[in-house]
Each structure stands twice: as C-alpha cells, then as structure tokens.
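There are 4 protein chains.
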Amino acid sequence: MNDRKPNLTFTIFLILTSALFCSAQSRVEVNLPDIPGYQTLKCDFHMHTVFSDGDVWPTVRVQEAWLEGLDAIAITDHIEYLPHSQDLESDHNRSFEIAEPLAEQMGIVLIQGTEITRKMPPGHLNALFVTNANLLERESWWDACVEAKEQGAFIFWNHPGWKAQQPDTTRWWDEHTRLLNAGMLNGIEVYNHQEYYPEALDWARQKKLTVLANSDIHSPTSMTYGAKHRPMTLVFATDKSPGAIKQALKENRTVAYFDNQLVGDRQYLTPLFFGSIKIKNKQVGLENHQIKKVQIHNDSDIDFHLRLRQPAIGLSCPDEITLEAHRTIFIDLTGTSDEVKAMDRLRLFYEVTNLRTLSGSPLPVNLDIANR
Amino acid sequence: MNDRKPNLTFTIFLILTSALFCSAQSRVEVNLPDIPGYQTLKCDFHMHTVFSDGDVWPTVRVQEAWLEGLDAIAITDHIEYLPHSQDLESDHNRSFEIAEPLAEQMGIVLIQGTEITRKMPPGHLNALFVTNANLLERESWWDACVEAKEQGAFIFWNHPGWKAQQPDTTRWWDEHTRLLNAGMLNGIEVYNHQEYYPEALDWARQKKLTVLANSDIHSPTSMTYGAKHRPMTLVFATDKSPGAIKQALKENRTVAYFDNQLVGDRQYLTPLFFGSIKIKNKQVGLENHQIKKVQIHNDSDIDFHLRLRQPAIGLSCPDEITLEAHRTIFIDLTGTSDEVKAMDRLRLFYEVTNLRTLSGSPLPVNLDIANR
Amino acid sequence: MNDRKPNLTFTIFLILTSALFCSAQSRVEVNLPDIPGYQTLKCDFHMHTVFSDGDVWPTVRVQEAWLEGLDAIAITDHIEYLPHSQDLESDHNRSFEIAEPLAEQMGIVLIQGTEITRKMPPGHLNALFVTNANLLERESWWDACVEAKEQGAFIFWNHPGWKAQQPDTTRWWDEHTRLLNAGMLNGIEVYNHQEYYPEALDWARQKKLTVLANSDIHSPTSMTYGAKHRPMTLVFATDKSPGAIKQALKENRTVAYFDNQLVGDRQYLTPLFFGSIKIKNKQVGLENHQIKKVQIHNDSDIDFHLRLRQPAIGLSCPDEITLEAHRTIFIDLTGTSDEVKAMDRLRLFYEVTNLRTLSGSPLPVNLDIANR
Amino acid sequence: MNDRKPNLTFTIFLILTSALFCSAQSRVEVNLPDIPGYQTLKCDFHMHTVFSDGDVWPTVRVQEAWLEGLDAIAITDHIEYLPHSQDLESDHNRSFEIAEPLAEQMGIVLIQGTEITRKMPPGHLNALFVTNANLLERESWWDACVEAKEQGAFIFWNHPGWKAQQPDTTRWWDEHTRLLNAGMLNGIEVYNHQEYYPEALDWARQKKLTVLANSDIHSPTSMTYGAKHRPMTLVFATDKSPGAIKQALKENRTVAYFDNQLVGDRQYLTPLFFGSIKIKNKQVGLENHQIKKVQIHNDSDIDFHLRLRQPAIGLSCPDEITLEAHRTIFIDLTGTSDEVKAMDRLRLFYEVTNLRTLSGSPLPVNLDIANR
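Protein chains in written order, with the numbering used here: chain W, 2 to 373; chain B, 2 to 373; chain R, 2 to 373; chain L, 2 to 373.
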C-alpha cells in the first residue's frame with residue numbers, strides 16, 4: 002500500500018486472504034428435525050453491534066450465525082442508547098446495510114430489526130421487518146411503535162422479567178394491554194441471554210403471543226456461550242425466507258430453545274420429539290418373566306429426560322430414562338403378566354421433563370414398541 | 002449372602018444392579034452411510050480375552066462393541082498361546098460361549114473365531130465362523146487350517162508386517178501361496194491395532210484377498226484408543242446376520258477403516274463418499290468475474306481431504322478442501338470465462354487423499370454443482 | 002511360535018510390544034494439594050477382578066490406577082461370591098499375587114485386601130492389609146473378621162446404604178456395634194461406586210470411623226466413569242508407603258472425594274481449600290464508592306462453589322462465587338464506607354457448599370485480601 | 002429508558018449487568034514456567050479493532066487477552082488503511098484510549114501501538130510504545146518511522162513472508178537495511194496469524210532482531226483459534242510492566258510460541274524446557290539386564306517431542322519420547338553393561354524437535370536420572 006491510497010492490488014489481496022481465512026471455518030449444524038408441513042428454522046432475533054452498545058462489527062453477527070448453524074437472525078441495535086456515538090455516526094439502518102451483503106452470500110436470512118429502548122413501562126421492544134429504523138427515533142414510545150407497525154413490523158417484548166426494570170415482581174402493565182389491543186405487541190421473550198421468565202410463558206398462552214428465545218448478545222457469542230449453543234427461536238416455516246418467517250411468527254409457530262430445554266406449544270413439541278428418536282428393535286417378543294432390551298436412538302442435539310407417567314400394561318419399565326443426544330441407549334422391559342405375550346404393541350407412558358408446553362408442564366409422550 | 006452359598010435374592014440383586022449399571026451407558030453410532038444394495042456393517046474380527054492373553058472377561062468385548070457402535074465382532078483367542086493357563090481351564094470355545102448370550106441380548110452379531118498362532122511362516126491366522134475351536138489344536142498348522150476349512154471358516158492372515166515376525170522385510174512366503182491355492186487364505190489385515198501394512202494392500206489386490214482392519218485388542222479398548230474409534234472392517238452385507246457377513250467376506254465386500262482413512266475397492270469407496278456429503282446450494286448461478294460460495298455438508302465421522310486433480314472448465318476453485326466430519330464448509334468458485342454463465346452444471350475434479358483404492362492411490366471424485 | 006511350545010523369542014517379542022504399548026499411555030495427575038505435615042495420597046480401596054465377579058485381569062487394575070493418577074489401591078475380590086469358579090481356580094490371594102509385580106514397577110502401592118461378603122447384617126466388609134486371604138474363608142462372618150484382625154487388617158463397612166441389602170431404611174445393626182467394640186470395624190464407605198450415604202457420615206462422626214469413598218468397580222473403570230474421575234479416598238500420610246497409609250487410616254486421616262465433592266473432617270478440608278487457591282492481587286487499595294477487581298486462581302481439579310456467609314465490613318462482594326478448576330476468575334469488591342480505605346486487610350466470609358464437614362455442613366472459609 | 006436521554010438508573014443497571022456478565026467468565030492460564038531471573042510474560046503485539054479493519058470494539062481485545070491468559074498486548078490499528086472510515090472518526094489514538102481503563106482494571110499491560118502500513122518495501126511495520134499515533138500519519142514511511150523512533154518506539158517488521166507482498170521469494174530489501182542501520186528496525190515476526198517464516202528466523206539471528214509471534218487478529222480471536230492458543234511472544238522481563246517489557250524487547254529476550262512450537266535463543270529455551278519437566282523417580286537402581294521404568298511429568302501446556310541424539314552409556318532408552326502436556330509418562334531403561342550398576346547418574350541425550358533454536362535446529366537436552 003502506498004501512502005494512504007490503497008491500491009487495487011493491495012485491496013484484492015486483502016479480500017483474497019479474508020476469503021481464505023473464512024474457508025478455514027466450518028459450520029456446526031443444529032440437529033433438530035423438521036416437522037410435518039414445515040421446516041424448523043433456527044433463529045436469533047435479538048443482538049447488538051458497535052452501532053449501539055455491542056462489541057462487534059455487523060458482519061461478525063452473520064459469520065457467527067453461519068458458524069453456529071442458524072438460518073435467520075435480526076440485528077436489533079438500540080434506537081435510544083448509543084454509547085459509542087462519540088466515535089460512530091448514528092444511522093439506525095447502518096448495521097443492517099453493512100451486514101446484508103455477507104448474509105446474502107452465506108445464505109443467512111437477515112431480517113432488519115431495531116430495539117425501542119424505554120424505561121418500564123413498556124420496557125424494551127424489538128421491532129422486526131422494519132424498512133427504515135431511523136423513522137422509529139421518536140419522542141414517544143407509542144409513536145415509535147405506531148411507526149413500526151406502519152412499516153409492517155412484528156413487535157415483541159424483550160426480557161420482560163429483567164431485574165433492572167422489574168426488580169421486585171415481574172408484572173404486565175396497562176401499557177402492554179394497550180399495545181396488545183392495538184396489534185403492536187405480537188410476541189414475548191420467554192428466554193433472554195441466560196435468563197428464563199416463567200411469567201412470560203403464562204402471558205404467551207393467555208394472550209396468544211409468540212414465544213421467543215434470543216441471545217441479546219453484545220460481545221462475541223463465543224465469549225458468552227463458549228461451546229454451548231446460544232438461545233434460539235425455532236420457527237416452523239414453509240420455507241427459508243423472510244416472508245415465511247414473518248408469517249410463522251404472526252401465527253405463533255415457534256418454540257423457544259435454550260440450554261437443554263424446549264418450551265412451546267404441544268403441537269410443535271410432539272413432532273420435534275418423535276422426529277428425533279427411533280426405536281431400533283423390530284419386534285421385541287416379550288413374554289412374562291422375561292427381560293428384553295429395547296434400543297432407542299436419539300438423533301437430535303437435545304438430551305431428552307423422560308419420567309414414567311403411568312405404568313405400562315403387562316410389563317415394567319424404568320422410572321426414568323435419559324435419551325442422550327446422538328446416542329443409542331437401551332432400556333429393559335420386564336414381562337409381568339401372561340397377556341403380554343399376545344400384545345402386538347407395548348405402550349410406555351412417559352413425559353419429557355425438559356420439554357415444556359405453554360402451560361409449563363412436561364410434554365406427555367407414549368412410546369409404542371412393536372412386540373410381535 | 003451366607004457362607005458361600007449365594008442365595009437367590011443375592012443373585013437377583015446383583016443382576017438388577019448390573020442391569021441398572023448397563024442402562025446408564027450409551028452407544029456412540031459410527032456414522033458412515035449404507036451403500037446401494039448393502040448395509041454398511043461396522044466390524045472388528047480380531048480381539049482377545051483372559052481365555053488367551055487378553056485382559057478382560059469375554060462379556061466386556063460385547064459391551065465395548067455395543068458402546069462403540071459396532072455391529073459384529075469375533076473373539077479370536079489364541080489356540081497355542083495361553084499365558085493364563087495356570088489359573089484358567091483351556092477350552093477354546095469358552096470365550097464364545099460366555100459372550101454369546103449377552104451379544105444376543107444387545108443385538109451384536111458374535112462370530113465364533115480363533116487365532117492359529119504360529120511362528121513365520123505362516124505366522125498368525127484368524128479363522129472365523131468355526132464351530133468347535135478345540136479341534137484346531139493340532140500339531141501342524143496345516144492340519145489346523147484344514148480343520149478350520151472343514152468347519153467352513155473364513156481364514157485371514159493377521160498383521161502380516163508385524164516386526165516381531167518379519168523384522169526386516171515384509172514378505173509373502175511359499176506357505177501363503179499353498180494356503181491360498183488350497184482355499185485356506187481368504188483375507189488379510191491391511192491394518193492391525195495401530196499399524197498399517199501397505200504390502201498387504203498390494204497382495205489383496207493381486208490375489209483377491211478380502212481387506213480387513215482389526216483391533217487385535219488385549220486391554221480394555223478405551224485404554225488403547227481413548228476417545229478415538231478402533232480400527233474396523235466395514236462389511237457391505239445384505240443384512241445384519243452371520244450368514245450375510247460370511248457371504249460378504251467371501252466376496253471381498255469390505256473396506257478397512259482406521260484413523261481417518263478408508264482403504265478398499267473403489268466400487269465401495271465411491272458410494273461411501275457420495276453418501277456422506279451433500280451440496281446445499283440449489284443453484285449457484287455463477288457468471289464470469291463473480292465469486293459464489295458453495296456450501297457442502299459432510300454427515301459422516303470422517304474428515305475428507307480433497308486435492309484438485311485437474312482444473313474446472315470456466316471457473317477456478319480451491320486447490321485443497323477439507324470437508325470436516327459433521328460440519329458444513331463453503332468454498333468459493335470464481336467465474337473465469339463468459340461461457341460459465343450458460344453451463345447447467347459446474348464440475349469440479351478432486352481426489353480424496355485419505356480414501357485409498359486397492360492400488361494405493363487417492364479416490365478420484367467429481368463434484369457436480371447445479372449452476373442454472 | 003511353534004506348535005504350542007512358546008519359544009523364548011516369541012515371548013520376548015510379546016513382552017516388548019506390550020511394553021511399547023504401555024509407553025504410549027500417559028498418566029493424568031489428580032491435582033489436589035498436599036497439606037501441612039502430610040502428603041495427600043489418592044486411593045481406591047475397593048475393586049474387583051475376574052478372580053471374583055469382576056471383568057478384568059488383576060494387572061488392569063494397576064494400569065488403570067496409574068493412568069488415573071492414583072497412588073494406592075486395594076484389590077478386594079469377594080471371598081464368598083465366585084461366579085467364574087467354573088473357569089478359574091479359587092485362590093483368594095491370586096489377584097494380589099498377579100498384580101503385585103506390575104504395581105511395584107509402576108510405583109503404585111498395592112495393598113492386599115479382600116471382601117467378606119455376607120447378607121445383612123453385617124453386609125459386606127472389606128479387610129485391607131491382610132496377609133493370607135484364604136484364611137478368611139470361614140463359615141461364620143465373625144470368625145472371618147477375627148482372622149482378618151489377627152492378620153492386622155483395617156476393616157470397613159462397604160456401601161452401608163446399598164438398596165439390595167437395606168431396601169427401606171439405612172440402619173446400623175447390633176452386629177456393627179459388636180464389631181466396633183471388638184475393634185473389627187474401623188471405617189465406613191460414605192460413597193460407593195456412584196452412590197452417597199449421608200447416614201454413614203453421621204456414624205463416622207459419632208463412632209470415630211474413617212470415611213472412605215471407593216469405586217467398587219467391576220468393569221473397566223473408563224466404562225463407568227468415562228472421562229470423569231472415579232471416587233477416591235484421600236489419605237493424609239507421612240509418606241507413600243503401605244505402613245504410612247495404614248497408620249493414616251487408623252487415625253481417621255482421610256477425606257472422601259467423589260464427583261465435585263469433598264467430605265471429611267474440617268481440619269483436612271480447610272488446608273485442601275487454601276492450598277488450592279491463590280489471590281493474585283498484591284494490594285487492592287479499595288476506597289469508598291470504588292469497585293476493584295480481585296483475581297483468584299484455583300489450581301486444583303475441583304470447582305469450588307462459595308456462598309456468602311455474612312457480609313463483609315466496609316464493602317460489598319458477590320453472594321455467590323464459583324472458583325472453576327484450573328482457572329482464574331475475578332470478583333468485584335465495592336467500597337461501602339469511608340473506613341475501608343484505612344483497612345489493611347479485607348475479610349470476606351464465605352462457605353464452600355461442595356466441601357462438607359463430618360457434620361454435613363458446608364466448610365466455612367474466610368478470604369483475606371491485602372488492601373494496603 | 003426515556004426518550005434518548007439515558008437516565009442514571011438505567012446506566013447503572015447496564016454497568017451492573019455487564020459486570021455480572023464478566024464475572025461469569027474465567028481465565029485460562031498459559032502454563033509455561035518462569036526462568037531464572039525473569040518472569041515469562043505471555044504477549045501479543047499485533048491486533049486490530051473496528052478503528053482500522055478489525056471486527057471488534059477495542060475493549061474486546063482486553064477481555065480476550067484476560068480470558069486467554071495473556072499478560073500484555075498491543076493494539077496496532079493501521080495508520081493508512083481505514084475501511085470503516087465512512088462510519089468511524091479516524092483518530093489513531095482512540096482504540097488505545099478506549100481499551101486502557103479496562104486493561105488497567107483487569108491487570109493487562111496495554112502497550113500503545115500502531116501499524117505503519119505500506120507496500121513492499123518496507124511492507125508493514127508495527128511501532129510499539131508510541132505516545133501519539135496520529136503523528137505517524139506521514140506521506141513517507143521513513144518519516145513515519147523517524148517519528149515513531151522519536152517517540153521511543155520499538156519497531157518490528159510484520160509478516161515478512163506474506164504472499165500478498167512477497168508472492169515469489171521472501172527477501173530482505175535495502176530499505177530494511179537502512180531502517181536497521183538507523184535503529185528503526187528492532188524486531189521481526191517469525192510467525193504471524195497462522196503462518197511461519199523460516200527466513201525471518203535467519204535474519205533475526207544474523208541481524209540481532211528480536212523474534213516475535215503475534216496473532217494479527219481481526220475477528221474475535223476464538224473465531225480463528227477456537228480452543229487452541231493464539232500465537233504469542235514470550236517476553237522474559239524483570240517484572241510485569243511496560244518498562245520491563247520494553248527493556249526485554251530491546252535486549253532480544255523473547256521466544257516465539259505458536260501451535261506446539263517454541264522458537265528462539267537456546268539460552269531461553271533450555272530453562273523453559275527444564276522448568277516444565279520433572280523426573281519423579283528418586284533413584285532408579287538400574288543394573289545390567291534389568292528394565293526400570295522412569296516416570297517423567299510435564300507441567301507445561303506444550304507436548305515435548307524428544308528424539309535420541311546419541312546413545313546413553315551402559316543402557317538403552319527409547320528412540321523417541323513424547324512428554325504430553327500436563328501428563329506423566331514412563332520410559333523403560335534397559336541395563337546393557339555391568340558398569341551401569343555403579344553409575345550415580347544415568348544421562349540420556351535427546352533433542353526436542355518442536356523447540357527450535359535461532360539456527361533452526363532442535364534444542365539438545367540431557368536428561369540426568371539419579372541411579373544410586
């Protein structure tokens with residue numbers, strides 16, 4: 002390079018080496034099955050960059066998303082909190098503009114978003130699918146939400162139980178009812194960063210809000226989550242496109258995925274579970290007084306913890322089972338009646354304690370095992 | 002328990018706790034695809050127990066096989082080398098008899114085998130599918146092989162380049178030709194324990210011997226291999242049964258799998274490779290002067306190392322690619338001619354350096370990528 | 002080798018390759034500090050081999066002990082339960098005799114032991130430091146214990162809360178009182194295999210029994226514990242010798258180490274904790290309204306979980322701290338009074354929740370931090 | 002928060018949660034011993050932030066340094082290459098100013114640096130210990146270097162073999178000689194990012210340049226290095242201070258540490274090696290025809306690969322040894338003469354193939370083992 006005027010050769014070399022560097026990285030897929038009728042998209046709709054109070058350049062959010070197996074993300078820099086404003090110009094669309102070309106190249110769906118950042122009530126709200134974030138810079142939060150809605154936004158309440166804003170009790174305010182009634186509150190985070198809000202789950206069920214789990218990451222993701230996965234919103238969409246995601250979010254087709262937990266509507270949890278496991282025995286052929294080993298494989302990234310819900314008929318089976326991620330285990334079935342020999346199918350009644358329905362209770366599952 | 006007469010209650014409790022203990026373990030599947038027409042069975046046909054010079058009870062070999070994702074094993078205790086004979090009775094069928102019921106329960110195919118253990122020539126020979134190993138205890142090794150053959154055995158030469166028996170050069174002896182001509186030498190280990198024998202690969206090709214890779218393990222497997230996989234013989238069988246395995250072995254339908262290497266006939270390596278990878282882009286739409294990212298997923302346990310064999314037409318692509326196990330990577334394709342825009346399909350000419358055909362050369366593979 | 006008469010060359014080669022194989026393995030040290038006046042020896046005094054109902058040859062127990070960082074072990078095959086007797090001669094001294102030469106070579110202290118295996122009462126008892134286990138094969142368990150004591154044995158009660166023998170409540174029987182009074186009950190397992198017995202801890206305190214944690218392993222250890230450490234009895238001995246270990250056991254100088262827990266007398270837990278951690282700041286220089294970061298390094302294998310016991314004077318500090326194994330963390334101290342500036346030393350009052358004294362309560366620790 | 006004016010409460014909460022978040026992280030120490038007379042400081046003197054072409058906010062560089070066990074770093078943003086200038090003001094001192102307070106808090110020595118970024122010759126030069134980077138923005142690179150020198154800088158040549166600037170051969174230019182003669186070239190990177198330059202090592206030896214290994218990281222470090230350590234310059238300093246580091250750099254007291262390699266002056270490599278290992282046997286007592294096991298512990302993070310340099314007297318020992326990081330291994334010594342019994346000390350002559358002196362040859366080491 003020559004005296005501050007980067008010549009073309011230099012620039013090309015930088016691009017080349019940068020491309021080479023990227024090639025050396027690899028993506029870890031998130032292993033969770035699609036469900037009948039829908040793709041299961043892995044999404045994170047809440048994160049920051051240097052353009053608000055985050056620590057990374059917008060392209061890093063795309064690289065991280067690709068490396069960590071995500072399908073779609075939204076960068077949601079604060080409208081009202083800009084601690085780097087001494088150094089950075091404040092155009093609320095910049096982080097999206099900068100990240101967009103890389104997202105396109107990498108096949109990551111990048112949804113334009115922003116965070117309306119107010120004291121409680123109504124607290125912090127994310128608006129996804131906005132078209133011009135600068136127009137949301139308004140004196141009143143209500144006006145900001147109206148503007149977002151006019152841009153076609155999907156709006157959700159962030160970290161509703163955040164101690165910084167709700168130190169004592171996690172409550173629902175009249176302002177949230179107003180937003181809800183005006184169609185300006187469509188979803189709610191039941192999980193944010195490293196924190197779970199059981200109250201939010203209740204509200205999601207009662208008020209038909211879409212459940213979300215997001216990272217709200219400010220640092221590089223690996224600095225917070227290390228080798229663990231970040232929180233994700235699983236979106237059940239007809240295809241991998243912004244439109245299909247928007248439609249799914251509007252129709253509550255999501256499950257929150259964080260730590261080793263899934264939380265959401267039973268109609269989505271059930272096929273996620275049964276799409277993950279496979280009973281490997283063809284026929285068990287159990288008879289009274291016999292012990293037979295049944296092998297079950299779990300092809301997903303989640304360890305499923307099962308607890309017996311009620312006894313099986315004609316046999317005994319373990320009180321608790323852990324179906325480890327990407328492993329096969331066996332369980333022992335013991336025949337306890339003469340009738341078992343004649344049964345075509347053995348049915349085991351469990352519940353999955355780390356899969357929670359909208360009512361907060363474990364997902365009931367029946368394991369059917371061919372006997373003859 | 003009371004005074005050396007184990008009562009029933011005690012025994013039952015021991016069984017119960019033993020069963021509980023086993024339930025706590027889980028099986029790691031070996032992720033390699035089936036190929037058209039055949040299941041890909043993961044097998045280890047060479048191992049020892051306390052009944053010869055091994056360190057474990059026969060049931061441990063079955064437990065290890067199950068935990069490590071194997072489908073079939075043979076316990077092959079030495080006929081002629083019994084260092085524990087001061088403590089253990091020497092019935093050459095005992096290790097099979099003891100392990101068999103557990104193998105049945107766990108769904109592991111246990112093949113009865115034994116090791117004819119002689120100085121060079123002919124060295125050590127494993128006989129699989131024997132029915133009474135005691136009858137192989139003969140003064141002459143020729144007679145032992147004849148007996149094995151009469152029992153229907155598949156016989157292979159173990160660790161042909163073992164320095165203890167072939168310290169200077171690894172050679173093929175007249176005695177091996179005699180065995181071969183008499184139909185009493187059907188396979189050869191190209192890999193044993195932690196050692197590779199390139200000469201054996203040549204002989205396998207020239208003499209139509211079945212290639213094998215086996216552990217020859219004496220200690221608990223994890224003490225030698227830790228978290229790595231043991232060497233395996235991949236058998237391409239019509240089903241998971243002793244008969245189908247025997248048929249496959251007789252028809253040379255195997256590939257040796259050790260470390261991060263596959264060695265065998267190109268007709269099996271090719272579908273193993275293409276069954277493992279998936280190009281994730283639908284259409285690349287490459288034009289001249291453009292760079293497009295192609296994403297490739299590898300669903301297998303093997304890191305595939307690809308090297309460019311010849312240039313592609315109308316585009317440039319990386320000289321080297323590593324398709325990491327269970328990861329997605331991307332490569333950059335750069336359009337270098339105007340014609341590329343009109344091509345329906347982009348073809349990349351690579352070879353896989355860690356997949357070796359019987360001639361010892363890297364497997365050639367052509368990656369076809371839909372362009373329009 | 003020639004027709005069943007192993008010649009010398011063959012044998013030497015086998016020994017050589019076996020030695021080579023062993024050289025390839027490496028030992029993971031257990032990182033826990035010595036304490037003033039004593040070495041901290043890592044011991045496991047309960048395990049089985051094929052000579053009773055275990056799954057491995059006795060030498061494997063020595064190899065495992067070396068690989069896993071142990072200093073001393075006892076092989077304690079059952080006197081009365083010999084399920085392999087059809088295949089193995091029953092000399093109760095054989096497992097010790099076979100393992101001893103390797104233990105000597107590898108620097109592992111091998112203590113001769115055996116398990117007196119009876120129904121409850123008194124259940125299973127281990128006798129360590131016996132000189133001829135065959136003499137313990139007696140009709141009555143009392144006579145077996147008397148014989149053990151005459152041989153100078155240290156006797157302890159195994160898995161006192163084992164559900165197979167104490168299905169409903171874990172109780173202390175009159176027979177145990179008799180043994181105790183006769184000096185034939187010297188210790189008790191508070192942890193066995195994968196199970197903890199809180200009642201045993203109470204009895205240890207009340208009756209001055211030595212606390213032990215042992216594996217009672219039957220399979221290869223890695224098959225049960227994988228990459229985790231097995232349960233261990235930490236013995237505080239004047240040197241690494243059978244005599245010093247016996248003396249330490251008789252004087253109750255032990256701590257039970259299992260999972261991420263230490264359980265034992267406060268006089269040993271306290272120096273184990275303080276010998277593990279180091280405050281890295283020289284002087285903090287805290288003043289009112291300031292926040293200062295204090296860095297603490299933990300050089301041990303244990304994650305210490307600390308909980309605030311009472312507030313510090315003149316400052317606030319975190320309610321909970323985790324000192325991760327082999328890591329440095331920092332905590333924030335906030336000055337809350339003007340006096341803090343003049344304090345030479347800041348004292349923080351915590352308790353370590355995963356270090357339990359004989360009374361079962363968390364170990365109290367005071368962290369002193371130089372301020373000026 | 003209310004209408005863009007962050008109130009105090011909000012700000013305090015943000016700070017608090019940020020502090021809490023940081024507490025959850027832990028530092029991995031780099032385990033390499035100090036050497037007689039000096040502390041071994043782990044340093045990285047080349048890295049970028051959003052203030053030139055990097056991807057992270059300056060504070061991230063300090064957090065990463067702390068988490069990864071470093072003692073000192075220099076942020077060295079380009080003077081002449083500012084691709085983010087559309088969004089960020091270009092004050093070349095800003096990245097230092099922003100990172101400095103956190104470095105102070107965390108105990109990381111932050112050295113002000115900058116990168117003079119020119120085409121070849123002279124290529125890219127880092128200037129450490131500058132006091133005002135803005136003054137280095139000069140038309141001519143010579144003037145920039147003169148300015149740096151006047152500020153007291155230590156100047157080194159970055160990635161001298163970088164293909165983007167030296168595509169064919171890695172050569173030393175007249176301009177470098179001019180810089181050297183003017184005292185404006187004091188060191189050279191023998192390793193940069195993921196690349197090693199053997200020519201640089203030759204020049205370092207011939208021209209008395211200080212050897213350095215640096216990351217030149219642009220992304221978050223974990224995105225490039227994952228769980229591996231980044232390249233580091235080990236600095237042997239009298240204390241952990243900018244002054245002592247500057248003194249050490251000027252006196253060539255460094256070793257380059259990258260991958261599993263150390264490269265530098267033999268006078269530093271030798272104590273690093275011997276400070277890392279410990280022979281655990283007190284006295285071996287070897288006699289002719291005996292085999293004795295010697296146990297060697299390696300307390301460092303480096304796997305040392307040893308190769309026999311010449312035979313020992315009176316005994317044989319392995320041709321190759323690997324001393325795995327944080328492990329103990331044993332080697333077998335075999336007595337081969339009657340004299341060995343009388344020797345007080347057994348001396349083994351090895352060289353460490355992954356420790357390279359300035360001449361590029363393996364470090365010779367003699368292992369002395371007490372025999373009697």
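Any given hint could turn out to be false.
Claimed, not checked - With a straight-line cut-off of 27 Å between C-alpha atoms, the simulated BS3-like cross-links for lysine-lysine are:
1) Lys342(R) / Lys241(L)
2) Lys241(B) / Lys279(W)
3) Lys294(W) / Lys241(B)
Don't read these hints as lab results, they were simulated from the structure.
Unmet hints by their number, sorted upward, for this structure: No numbers; nothing is violated.
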